[in-house]
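Asker: What follows is the residue order along each chain.
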Amino acid sequence: ETGVTQSPTHLIKTRGQQVTLRCSSQSGHNTVSWYQQALGQGPQFIFQYYREEENGRGNFPPRFSGLQFPNYSSELNVNALELDDSALYLCASSPVSESGETQYFGPGTRLLVL
Amino acid sequence: KQEVTQIPAALSVPEGENLVLNCSFTDSAIYNLQWFRQDPGKGLTSLLLIQSSQREQTSGRLNASLDKSSGRSTLYIAASQPGDSATYLCAVKGGSYIPTFGRGTSLIVHP
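So the protein sequences, as listed, match chains A and B.
Each residue of the first sequence is one higher than the one before, counting from 1 in this note's numbering.
Each residue of the second sequence is one higher than the one before, counting from 1 in this note's numbering.
I should point out that these hints are in silico values taken from the structure, not numbers from a laboratory.
Model, not experiment: these values are computed from the prediction.
For every residue, glycine included, the Cβ atom is placed at its ideal position computed from N, Cα and C.
Worth double-checking, as some hints may not be accurate.
[Stated by the list, open to error] Part of the chain A face toward chain B, derived, beta carbon under 7 Å:
hint	residue
1	P61
2	L90
3	T102
4	F105
5	P107
6	G108
[Claimed, not checked] Between beta-carbon pairs, the in silico distance windows are:
hint	chain 1	residue 1	chain 2	residue 2	range
7	B	P8	A	S73	36 to 42 Å
8	B	E3	A	S27	32 to 38 Å
9	A	T9	B	A29	35 to 41 Å
10	A	K13	B	E3	30 to 36 Å
11	A	N71	B	N63	46 to 52 Å
12	A	P61	B	S96	34 to 40 Å
13	B	G95	A	P61	35 to 41 Å
14	A	S7	B	N63	34 to 40 Å
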């Protein structure tokens, strides 16, 4: 059973640019969630996708968007990058979108915005 | 809005001590509470998941309890080891299915 993988591991962008982060969910998992974790903070929920549809969103502006593909891989896109977007971005997958399932996290992508 | 607080923020102990990490939450209408471990710059590893109908879960040297009415959970680590050094996070999932994380407890176990 493969785990959750993310790419790239590190990324440097400048303010105003756009970025795409990728996640490959654990085999058999049809739900993926994305989180932003600033230094010294807990992860903040960005959004969740279930069967290619967004079914939950945290307090993030529309310039944060996502996609989930039929093979359950997913992307997080961030437009018009701001300095405060610098953070560790984590994706997590689970078998279903219901409340009771454990989430399995990837290693994260560390984004630095200059 | 759910708020999750973890105390203490940091902890440094000698090897072999038994530890208690605390997590409190403001809204007791939860579905589950999950404890995670995070090594520096890495993703999260799930340690224990407690459903709202449960009072505790155990895995090896770890035991987590849940008291929904008082909005508290504790993670008990028995006989701590240097390999336990990490940040421990709790996350509460409520009615919106959106998990809310605390800021974590940074643990150092020195030999």
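Asker: Would you mind marking each hint as holding or not holding in the structure?
Answerer: Hints and how they fare:
no.	hint	in the structure
1	P61	violated (17 Å)
2	L90	holds (6 Å)
3	T102	holds (5 Å)
4	F105	holds (4 Å)
5	P107	holds (4 Å)
6	G108	holds (5 Å)
7	B:P8 - A:S73: 36 to 42 Å	holds (39 Å)
8	B:E3 - A:S27: 32 to 38 Å	holds (35 Å)
9	A:T9 - B:A29: 35 to 41 Å	holds (38 Å)
10	A:K13 - B:E3: 30 to 36 Å	holds (32 Å)
11	A:N71 - B:N63: 46 to 52 Å	violated (38 Å)
12	A:P61 - B:S96: 34 to 40 Å	violated (19 Å)
13	B:G95 - A:P61: 35 to 41 Å	violated (24 Å)
14	A:S7 - B:N63: 34 to 40 Å	holds (36 Å)
In this structure, the hints that do not hold are numbers 1, 11, 12, 13, in rising order.
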